[in-house]
Structure formats: structure tokens, C-alpha cells
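Residue numbers (our numbering), protein chains in the order written: chain A, 8 to 109; chain B, -12 to 165.
In case anyone wonders, no lab produced these hints; they're calculated from the structure. Heads up, the beta-carbon is just placed ideally off N, CA and C, and yes, glycines get one too. Errors might be hidden in some of the hints.
[Unchecked claim] For each label pair, taking beta carbons as the anchor points, the in silico distance ranges come out as:
#	chain 1	residue 1	chain 2	residue 2	range
1	A	Ile74	B	Gly128	48 to 58 Å
2	B	Pro(-3)	A	Ile101	47 to 57 Å
3	A	Ile84	B	Val(-1)	39 to 49 Å
4	A	Tyr12	B	Val95	18 to 28 Å
[Claimed, not checked] Chain B stretches covered by chain A per the calculated footprint, using a threshold of three residues with CB under 8 Å from any CB of chain A:
#	segment
5	7 to 20
6	32 to 44
7	49 to 59
8	92 to 98
9	118 to 124
10	130 to 140
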Amino acid sequence: MNSLYTYLFLAALLFSLGIFGVFQRRSLIGMLIAIELMLTGASINFMAFNRFLAPDPIVGQIYTLFIMGIAAAEAAIALSIIVAVFRRLRSINIERAQELRG
Amino acid sequence: MNSVQSLIQPQVLAQIGFAGVVALTLTGALIAVFPRNILYNVLGLIVCLTGVAGIFVYLGSPFIAMMELLIYVGAICISIIFAIMLSRPLHLSLPKRRLPKVGLSLGVGTAVFIMLSAIISRTEWQPAAIRSSDWSVTTLGTYLLTRYDLVFEVISLVLLVAIIGAIIISGYARRSTS
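Here chain B stands alone, though its shape is the one from the complex (with noise of 0.2 Å):
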């Protein structure tokens, strides 16, 4: 067992971590965008969502990875799939891909991934001069009960909004069409 720790380093361990944690970023988007069948996007999406969650973790806050599982694998995902289940079966036949459109947006997204890499490349990134090292989940609800008290209360109200709307939406064409 010891030689073993001592033959892999923490450090060594860590970085192989993230390594996969991106790489199951990467393919998991992929997966998200390219395939034709839209239940291997959500899947994809998940993927990439959960890497996305490792990678929160070596950032530094386990909390909002855990809020990125539950949110986004857990609610938003599930959603997307129940509204698959209520779309058009999969095994029609799909019409087929127009290279032209899928040409002028691999090259819109190249165009955009080359400008944002430029700008990030070219920035001097300065650190603030004194930088606090509180990172815990007791500061973070204290300063969502006292300085950011207005933005969580419009959150809520917006979060209200969308499920009533969502509701009304869906609710309406219903009645108005069968």
C-alpha cells in the first residue's frame, strides 16, 4: 500500500483527474451538438453537465457542484427528455443534413472560438491585490440574505413567473386546439 502511495503522487493523481474531468467535458458536448438522434444530445448534454460539475470541484467549491447536478442533470435534463417523449417518434425517417448550413456554422462557431481565444490570450490578467480565502457555504448564504438580498428575491419572483407562464403556455394551446 505504501509503495503504491509513493509511487503516485497526489499531485500526479490529481492532474490525470482533470484531465478526464475535461475530457468527459469535451466529448460530452460533442456528443451534445453533433449527433442527429436528440436522445443521445440529451445524453451528451448530461455527460458534459457532469464533467462540468468536476471541474466546479477543482475550482474550489464542491457546493455549486453539487447545485449543478441537482439543477441541471437533475431537473433541467429530466424536463428535456419528457418533452422528447412528447414529440414525434424517432424512427422516421429524418431529412437529410444541408452541408452548406452545417458549413457556415462550423465556421461561425470558428470564427467566434478564435476571437474569444484571442481576447483571453492577449489580456493581462491581474489578480486583485488582496483577496480573501472565505470559502464556505455559511458566508455564501450570508451574503445571499444581506448584499445580494434584492438579486435572490427577483430570482425567486422570475422563477415564479416561468413556472406560472410555463403552465398558461402549454395549458392554452391545448384548449385552442383539440
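Here chain A stands alone, though its shape is the one from the complex (with noise of 0.2 Å):
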């Protein structure tokens, strides 16, 4: 039970839930939720093979700290993003956001 597949088919089911949800939300904070699962799902591919494969057990803890470091970069920058398209069109639908329409 406790073995790397246990872990990996859990990341990849963390991992396609996040495009699922990328895919299918139409407002933009719903997208950036989803992408954080991907990220999270990635993070438990890099220790799960820090724990059973990797042959020195620091550095898959190392990646795992860096892409928290990516993922709060990214929610800061996508945040003011979103508030901003808030600001400007009064609402956070994807669709709505059609400026750069030929």
C-alpha cells in the first residue's frame, strides 16, 4: 500500500483533476485553483521519488520547497491580474475577456 505507485497514481489523479478543472471553469480564480493542484500534484511526484528512488534524500525536498516558491509567485502575479480585469470589465469570466479579439 505504502508504495511509489500508491503515490504516483495519486499525482497523476491530482494532476488531470487540475486540467479538468483549468478546462472547464470560465471564471479565473476557479482556473487558479486549479493549476495550484496541478503544481501540488507535481510536488508529490518529486518526493514520492525522493522517498523510494532518488540516491541522496535532500533533493527532491529542495525542487519541492522551490515550486512552492513558483506556485506563491504565481498566485500574487494572477491575483493582481484578476483584480485588475475586475476593475477594468467588472467581472472575472474568461470569456468576457475578449480586448485582444481580432
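From these two lone chains plus the hints, build me the complex, please.
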């Protein structure tokens, strides 16, 4: 039960749920939440390889920390863009943000 | 007390805990993706990330689990909730779900999952020949300041640029519209 495959399948499930969420949602915040799910799946993968396969069990932890840092930066930028879009269009629906359409 | 301890083996307890953590993660992820109400999504994300922190404990790294709780649940989810408070009221009527779109995205998600699980189950995973057993936070800090020094600095720079960029983007939007 507590084997590499369990963690890998769990991470794949989280990742594909994130992809499903990104395609299905129309609200920008919902898409951001789905992207966070995908990043979490990736860090579970790193930690599982770190625990079961890697020669040096520090490297995976460091990568997971870096993923968390990237996720924090991405969330800050995405939320400020969402606030700017909302101020301009009075909506966070992705299908209203069509000003660049030719 | 002793009879209870002999009745419940530690391994069984650990397995029950692991199943609970996995169930927490999966229910949280489902709640984070499916309901229409955006606040339920964030609460589901919090549940899911708490479960993932538990999984990191089972993977042997309580430090990363604490960081997961601190950064994801404590910082990212709270700032998402702030953004929700800025957005439109939730009691307004929601537009209808379009079934073809949901079906198509469900198809894409299932295809990605099938592909990933095929890759996972067909690969022969080989553990490294020599594996160090040093999991301590001390070594992690040493590595961060020696071998991964450059990446550490770059991440700090990225975070700084992200913070300044977030302030500028939301500030300029206010000046130009109102």
C-alpha cells in the first residue's frame, strides 16, 4: 500500500483533475485553483521519487520548496491580474476578457 | 491500555492514517474542481492541501509538510479568499453550465490520466544503487546554501519581482479606470 505506485497514481489523479478544472471553469479564480492542484501533484511526484528512488534524499525536498516558491509568485501575479481585469471589465469571467480579439 | 495497544497494531494504525490522508486529498480536490460556488472551491483546496501535507509526513519529511501548510494554506489560499471578496457577489444568478464543454474537459482530463498511468505502470522504476539516509533539516539548509545557492538566490529574486509586479499591476489598473 505504502509503495511508489500509490503516490504516483495519486499525483497523476491530482494533475488530471487540475487539467479538467482549467478547461472546465470560466471564472479566473477557479482556473487559478486548478493550477494550484496541478503544481501540488508535481510536488507529490518529486517527494515520492525522493523517498523511494533518489540517491540523495535532500534534492527532492529542495525542489519541492522551489515549486512552493514559484507557486507563491504565480499566485501573487495571477491575483493582481485578476483584480486589474475585474476593475476594467466588472467581471472575472474568462469569456468577457476579449479586448484583444481581432 | 495494554490490551488496546496489542489489539491495534501500529502498522494497521499507520495504514488507516494513510488511507484517511489520501481520502482527504481526493475529496478536497473534487470539491476544489466541481462545485460552482467559488468559496467552496477554495475550502476544498484547503482540505486537499492539508491532506497533501499529511502525505508529505508519510513520505518522511515533516519539514516540507509544515512548509506546505504555511505557504499554501496560510498564504496562497488566504490571498485567494481576499480576491474573492473583491469579486462579484455570489448570490447573483450563475450562468448555466454548458454540458458539451464539461464533457469535453472531462474527456481531456481522463485521457491525460490514462496516459500518465500507462507511463507509470509500464516503467521499471529502479532505486539508486547507493542511497544516503540523511533526511535532516540541517543538511537541507547546508545544501540550500552551498550546492543550490544560485537557485535559492534566483527564487528570492523571482519572488521580489513578483511582489513588485503585483503591486504595480493592481495599482496602475486603479489609476487608469477610476
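Hint by hint, here is what the structure shows:
1. One distance hint, 48 to 58 Å for the beta-carbon pair Ile74/A and Gly128/B, is violated here, with the actual separation near 18 Å.
2. A beta carbon spacing of about 49 Å between Pro(-3)/B and Ile101/A agrees with the range 47 to 57 Å that was offered as a hint.
3. Restraint check, Ile84/A to Val(-1)/B: a C-beta distance of roughly 46 Å satisfies the suggested window 39 to 49 Å.
4. For the hinted restraint 18 to 28 Å between Tyr12/A and Val95/B, the CB-CB distance of approximately 24 Å keeps it satisfied.
5. Check on the segment 7 to 20 of chain B: 7 of its residues sit with their Cβ under 8 Å from a Cβ of chain A, so the three-residue criterion for coverage holds.
6. A stretch counts as covered by a chain when three or more of its residues have a beta carbon under 8 Å from one of that chain; for the segment 32 to 44 of chain B and chain A the count is 6, and the coverage holds.
7. Beta-carbon proximity to chain A at under 8 Å applies to 6 residues in the segment 49 to 59 of chain B; the threshold of 3 is reached and the given coverage holds.
8. With 5 residues having a beta carbon nearer than 8 Å to a beta carbon of chain A, the segment 92 to 98 of chain B meets the requirement of three or more and the stated coverage holds.
9. Given a C-beta distance limit of less than 8 Å, the hint that chain A covers the segment 118 to 124 of chain B holds, as 5 residues qualify and 3 suffice.
10. Three residues within the 8 Å Cβ limit are the bar, and the segment 130 to 140 of chain B against chain A gives 4, so the coverage statement holds.
The structure fails hint 1 only (numbered hints given earlier).
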